[in-house]
Amino acid sequence: DSGVTQTPKHLITATGQRVTLRCSPRSGDLSVYWYQQSLDQGLQFLIQYYNGEERAKGNILERFSAQQFPDLHSELNLSSLELGDSALYFCASNRDGSNQPQHFGDGTRLSIL
Amino acid sequence: DAKTTQPTSMDCAEGRAANLPCNHSTISGNEYVYWYRQIHSQGPQYIIHGLKNNETNEMASLIITEDRKSSTLILPHATLRDTAVYYCIVRNSSNTGKLIFGQGTTLQVKP
Chain A
1 DSGVTQTPKH LITATGQRVT LRCSPRSGDL SVYWYQQSLD QGLQFLIQYY NGEERAKGNI
61 LERFSAQQFP DLHSELNLSS LELGDSALYF CASNRDGSNQ PQHFGDGTRL SIL
Chain B
1 DAKTTQPTSM DCAEGRAANL PCNHSTISGN EYVYWYRQIH SQGPQYIIHG LKNNETNEMA
61 SLIITEDRKS STLILPHATL RDTAVYYCIV RNSSNTGKLI FGQGTTLQVK P
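Chains as they are written, first to last, in our numbering: chain A, 1 to 113; chain B, 1 to 111.
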């Protein structure tokens, strides 16, 4: 158990819809990372937050947004969903957002029908 | 961050040492080598990391060549549960800790 909790584990929805994925980092970790893993693109970094502030951005679509709340949990919002957004979405955390190891949650599997 | 090259797949007999190579010929002085693995579709799991010295922990050993252009992850006694995709990642100690994953090596441990 990594200590990182992601909910829900599975999500099935339709094109055009909007969903919210939730992540609770390990106790004491201030930084949260979001990654997307699809069959054709592999594991890709989306965005990083540190203590409520955005720190780094990767290949995140404009239809996607994220935030980190004062209690340090984070949410990834995906809107106007397309079939190609079907993927595993992982959240990871570490203490200060630098080169410390990241601890990953078990992911949310998103299926778009 | 430096690019890494890993074999696509490898086999290992159960109980034997698994040696997973990684080339990172463009690595620079402040870049660390990290190893993660992903078992089936679970979240990636941190294994070990190092800068220039060899490192060992309860999971594995990391051997980095003197010129730092390549490294080897060693699982001393592979078990069936070590079957996974292993990712070698090189990144610097910047204040953004993002990980850039390549395709990794699929290690199949066989009985």
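These are computed hints drawn from the structure, not numbers from a lab. All figures in this text were calculated on a predicted structure; none of them were measured in a lab. Do not rely on the hints blindly, as some may be mistaken.
No farther apart than 35 Å at their CA atoms in a straight line, the calculated lysine-lysine pairs in the DSBU-like style are these [what the hints assert, rightly or not]: (1) K9(A) with K52(B); (2) K110(B) with K9(A); (3) K57(A) with K3(B); (4) K110(B) with K57(A); (5) K69(B) with K9(A).
**Asked** Going straight from one Cα to the other, do K57(A) and K3(B) come out at no more than 35 Å?
**Response** 19 Å, holds
**Message:** For K9(A) and K52(B), compute the direct alpha-carbon distance and say whether it is at most 35 Å.
**Reply:** Roughly 39 Å separates the two Cα atoms, so the pair is violated.
**Message:** Would the hint linking K69(B) and K9(A) be met if the CA-CA limit is 35 Å?
**Reply:** Given that 35 Å is the threshold and the Cα spacing comes to 39 Å, the pair is violated.
**Asked** Taking 35 Å as the top limit, are the C-alpha atoms of K110(B) and K9(A) close enough?
**Response** Judged against 35 Å, a Cα distance of about 30 Å means the pair holds.
**Request:** Please work out if K110(B) and K57(A) have their alpha carbons no farther apart than 35 Å.
**Result:** Not satisfied, since the Cα-Cα distance of roughly 40 Å exceeds 35 Å.
Violated hints, listed in ascending order, are 1, 4, 5; each of the other numbered hints is respected by the structure.
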